[in-house]
Amino acid sequence: AETGSFSRAAEKLYKTTATISYRIKLLEDNTGVALFSRTTRSVLLTPAGMHLLAQAREWLGWIDSMPGELQQINDGVERQVNIVVNNLMYDPQAIARLLAWLTQRYPFTQFHFSRQIYMGVWDTLLHDDFSLAIGVTGTEPLAENMAVYPLGEVTWLFVMSPHHPLSQQTDPLSEAQLRRYPAVNIEDSARRLTKRVAWRLPGQKEIVVPDIETKVAAHLAGVGIGFLPEPLCLPLIAQ
Numbered sequence: 001a002e003t004g005s006f007s008r009a010a011e012k013l014y015k016t017t018a019t020i021s022y023r024i025k026l027l028e029d030n031t032g033v034a035l036f037s038r039t040t041r042s043v044l045l046t047p048a049g050m051h052l053l054a055q056a057r058e059w060l061g062w063i064d065s066m067p068g069e070l071q072q073i074n075d076g077v078e079r080q081v082n083i084v085v086n087n088l089m090y091d092p093q094a095i096a097r098l099l100a101w102l103t104q105r106y107p108f109t110q111f112h113f114s115r116q117i118y119m120g121v122w123d124t125l126l127h128d129d130f131s132l133a134i135g136v137t138g139t140e141p142l143a144e145n146m147a148v149y150p151l152g153e154v155t156w157l158f159v160m161s162p163h164h165p166l167s168q169q170t171d172p173l174s175e176a177q178l179r180r181y182p183a184v185n186i187e188d189s190a191r192r193l194t195k196r197v198a199w200r201l202p203g204q205k206e207i208v209v210p211d212i213e214t215k216v217a218a219h220l221a222g223v224g225i226g227f228l229p230e231p232l233c234l235p236l237i238a239q
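Each residue of the sequence shown is one higher than the last, beginning at 1 in UniProt numbering.
To be clear, the hints were calculated from the coordinates, so they are not data collected in a lab.
Keep in mind that the hints are not guaranteed to be accurate.
Distance condition first, Cα-Cα at most 25 Å in a straight line; then the derived PhoX-like pairs of lysine-lysine [stated by the list, open to error]:
| no. | residue 1 | residue 2 |
| --- | --- | --- |
| 1 | 195 | 205 |
| 2 | 15 | 25 |
| 3 | 25 | 12 |
Given the sequences, and given the hints that come with them, work out the whole structure.
See below:
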């Protein structure tokens, strides 16, 4: 395939041209398909031949890595680990650093990360073959075969942009004042569990966005009010 000629392939492999031709013919007879398209000047892979070549390269790569994979399995290391992360705690750089550490320590394990919102974290952990969650809500597990370890608590701050009309008020805000402006919320991503309802007053308009980054941007743009985790707010407040 690389040389485009049985004779050049024979020279490269230190075999005779007849040997190469015979083995190719034997392989074609066994598979029942033509693997090479032959002309008077060259031989080219057929689509079936290209597929076989790609698969053979994968097989050879797997054979090279197989001893390490088998040793990892023998040591009790999972072949695949699925991890779901709460939207509030999801940081691309932190996930990248975690992946770098995991892949270095467990080179033959496949890792799959998912980003979910509120009860969607539990939903994914319980129903989608995920084995680890970072940032579940509550302090008690929703299944007997799971354990919950505390990471800390989230303090929420009620926020709006500096140029929002409510930011000029000096007295405590009433519900009537708050209800005049939309609440910006992220929809719970749970599909089977009951969705958690975000903060919104009865009769108040709601703007639903897909993630925490959009929610922060919406507040900064002055389009609505709502709550955000304190660690996200403080740097913006300082500015």
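Hint-by-hint comparison with the structure:
no., hint, verdict
1, 195 / 205, "holds (19 Å)"
2, 15 / 25, "holds (15 Å)"
3, 25 / 12, "holds (19 Å)"
When the structure is compared with the earlier hints, no violation turns up for any of them.
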